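J.: Generate coordinates for the entire structure from the input sequences, incorporating the hints supplied.
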Amino acid sequence: MSDTRTDDRSKFGEGVNATVLGADEIILNMGPQHPSTHGVLRVKLKLDGERVVGSECIIGYLHRGVEKIAEHRSYQQFAPYVDRMDYVAAVSNGLGYCEAIEKLLGAEAPPRARVVRTILTELQRIASHLLWLGTHALDIGALTPVFYCFREREEILKIFEKYCGARLTTHAFRIGGLQYETYDGFEQDVKRFCEDFDKKVDEYETLLTENRIWVGRTKGVGILSAEDAIALAVTGPVLRASGIKWDIRKAAPYAAYDQYEFDIPTRQTGDTYDRYVVRMEEMRQSRRICLQAIENIPAGPIMARIGKVLKPPPGEVYHAIEAPKGELGYYVVSDGTTQPYRVRVRPPSFINLQAFDKMARGSLVADVVAIIGTIDIVLGEVDR
Amino acid sequence: MNHLIPPSILPYVLPVLYGVVIVAVLPLLAGYIVLLERKVMADMQARLGPMRVGPHGLLQPIADALKLLIKEDIIPVKADLFLFWCAPVLSVTMALLAYAAIPFGPAFQIADLNVGLLFILAISSLGIYGIVLGGWASNSHYSLLGALRSAAQLVSYETAAGLALVSALMLAGSLSMKDIVQAQYDQGVWFIFVVPVGFFIYLVGSIAETNRAPFDLPEAESELVAGYMTEYSGFRWALYFLGEYANMVVVASIATTLFLGGWLRPFARYQDHLFGTSVELLDILPTILFLGVAVYSFWLAPKQPVKIQKIVMALVGGLCLVLAVGMAGALFAPDAVRMGVHGAFWFLAKVFTYIYAFLWIRFTFPRYRFDQLMRLGWHFLIPLALVNVVVVGTTIVLQQNWDWRHPMLTAIVTTAIMLGVAAFLGREDKQHQAAVEAPEP
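Protein sequence lines, in the order shown, are assigned to chains V and L. Counting from 1 along the first sequence, just add 821 to a position and that's the residue number in this note's numbering. Counting from 1 along the second sequence, just add 194 to a position and that's the residue number in this note's numbering.
Treat the hints with care, since some could be wrong.
Claimed, not checked - Derived DMTMM-like pairs (lysine to aspartate or glutamate); straight-line CA-CA distance at most 25 Å:
hint : chain 1 : residue 1 : chain 2 : residue 2
1    : L       : 233       : V       : 975
2    : V       : 1020      : L       : 237
3    : L       : 624       : V       : 1026
4    : L       : 261       : L       : 231
5    : V       : 1066      : V       : 1048
6    : L       : 624       : V       : 871
7    : V       : 1020      : V       : 1082
Hints in this document: simulated from the structure, not taken from any laboratory. The structure presented is a predicted model; accordingly, all values stated were derived computationally and were not measured.
T.: So this is what it looks like as structure tokens:
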């Protein structure tokens, strides 16, 4: 048996071999039941004292076979299932799926629907980032921000609830547009939230951004260089924090993103602190998009004429959107029947999680929870 | 009463009585500190905290204790049974033993040892064995990591905290807890105003010593699940918890005694003889405080949703009323009683202020990482504490030889020197940090 201990740390995916341990090394199982693995992730760590010399992510504890279920449901029937993948950003999942099927059908949602979709999706991005911020801070030991974050997230969920009756797994969109008109006062609700929200982000930043302990715990932790990020196909804020200015909302605009002005925040080092700064700035940018969009929601129908029974022509399509956690792609193959032949999901959490070993090597046990938090995974999406 | 008890055991009666009182009351006190913590936490986090068990959650600690008592006691198969059993007991015994030398007032002290402070420090250092042995005996990786962290952390921070106490000791010139307080009365100033840097170092050191956030690494919840107590459950776990909160009261008592004037009320030497009586204006404060709480409780009582909660709230108001009457009555009692009752009030008030600072810090800051914690201790606090001792020693010599009798001036001079030293150490630390973070070639 070969010795897996090696100084060549540039190799990817080199797992933990439990049978070969150095004299001072132990194997520590973190999860699947652990306070800060964000669900049922299991991380197998090889430790030398408190230093991580190897790691392996073991996933699949939340596997529900979502992709297989799709093959036995009609296109509309499958839409609610996608909400259960990244359940803290259900609206974004729904948008990606609906747009993918629209692309397959050759149809397009009317302008009004697209603007409303943009607003709701950006609110969902804020909600998802808020959840990330709260739990990430909690992992690092700051007990208070999580409650402030949930307070604001609650406002967003209330808007969702008023719009479509559901708070978490919303199923807010339909293939071809929207099922519901916006409720009376929708604009005011969103506007009120957005106008207050900037001050709230300042509040979180007061607690964390320049806090010596926070900076000490995040700066230089879990560094991911731009080359490694690209090699690992990492997307979203994790990629942007490494210095790559890549955002699908700008690169291949969907919904109504081409109409609005917003910046793509990037940072250079690619450490945990940079990812924190990028996500904080993204929340402000999302707020900016919402404020622009709410000013001018076009009138008109909310549903395209696509018929009751969807039978897309045989063919295949890949459609990706910028979900809060990164590139969320749907690869859908149609065989001309009412049910998809195959739906393959490219979940951002799953791909980003692959960078874990790269980030965690050489760090301490305390950094491991910071790194799990900073990747911002949702196990529902990783395991599907 | 004297003729009922043989004179040979008479000196032991009162200390034994005090001991029984402490052992009986302390678990309850610890439970209510937990409630206080949860309420303070809730207040800082824009929520209500426990509200269900009793009015405003006032009976929650009792419910928690009951729950823990009847909970299943799980012992891991591969645990070292004897040590597993021993460790929490050790932890809580040492915490309780330290109370022997703490003066809760001029009258309420079990033993006024001439090396009181040394005794308390020695005993509370032993408490760490409870943590290390518990972590080892559990036979779990998380527990072991927690225990190792705890051993390193306590050793380094006890050094810093001990050195910080030396500065106050030099001012008092005694190790007896009573004499230290008396010295602050004689010099007319609490030592926090003379050696604020020493107090600051002790504050940080004591947080680390009691494993409280941001130094709660031995039980870092998000990393090590529960650290050394991961495998403990039920009442053994509660014992650890009791030990931790008892220790908090111990370190708060030390800080109160050495830096905050112990049982002395603010402006202890100021006397105004209100309306020509023997009553002081400031001595009325406790009575007013308890009266206020009593009135507030009575006002709240009818507003409670359930009948039993109304009764409990009214009882709380009644208790406060009794305390207020007691406080007022003590004013006219003989001096020894008056000092005892009011001294205990001020002592506990200061202890709880100190504990409030603990809680405030806990809910504001993220957790340190292990290497950062050690660097803070060895590169910053210990050098600072050493320089503090030298500077304070120098000023004391100056005072004695050149008749420099301005404690406040001493405070300003020492603090200025300390800030300079702190800035220097901080810069050193930053350079070190930069060197660590620099990307490897």
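J.: Are the hints correct? Go through all of them and say.
T.: Do the hints match the structure? See the list:
1. Under the criterion of a C-alpha separation no larger than 25 Å, the hint pairing residue 233 (chain L) with residue 975 (chain V) is consistent with the structure, at around 22 Å.
2. A threshold of 25 Å between alpha carbons decides the hint, and for residue 1020 (chain V) with residue 237 (chain L) the separation of about 20 Å falls inside it, so the pair holds.
3. A C-alpha spacing of about 22 Å is found between residue 624 (chain L) and residue 1026 (chain V), which places the hinted pair at or below 25 Å, so the restraint holds.
4. Distance hint between residue 261 (chain L) and residue 231 (chain L) is fulfilled; the C-alpha atoms sit about 19 Å from each other, no more than 25 Å.
5. A hinted pair counts as satisfied when its Cα atoms are at most 25 Å apart, and residue 1066 (chain V) with residue 1048 (chain V) qualifies at roughly 13 Å.
6. Straight-line distance between C-alpha atoms of residue 624 (chain L) and residue 871 (chain V) comes to about 23 Å, which keeps the hinted pair within the 25 Å bound.
7. Note on residue 1020 (chain V) and residue 1082 (chain V): the hinted pairing holds, with a Cα-Cα distance of about 21 Å set against a maximum of 25 Å.
In summary, the structure agrees with every hint in the numbered list given earlier.
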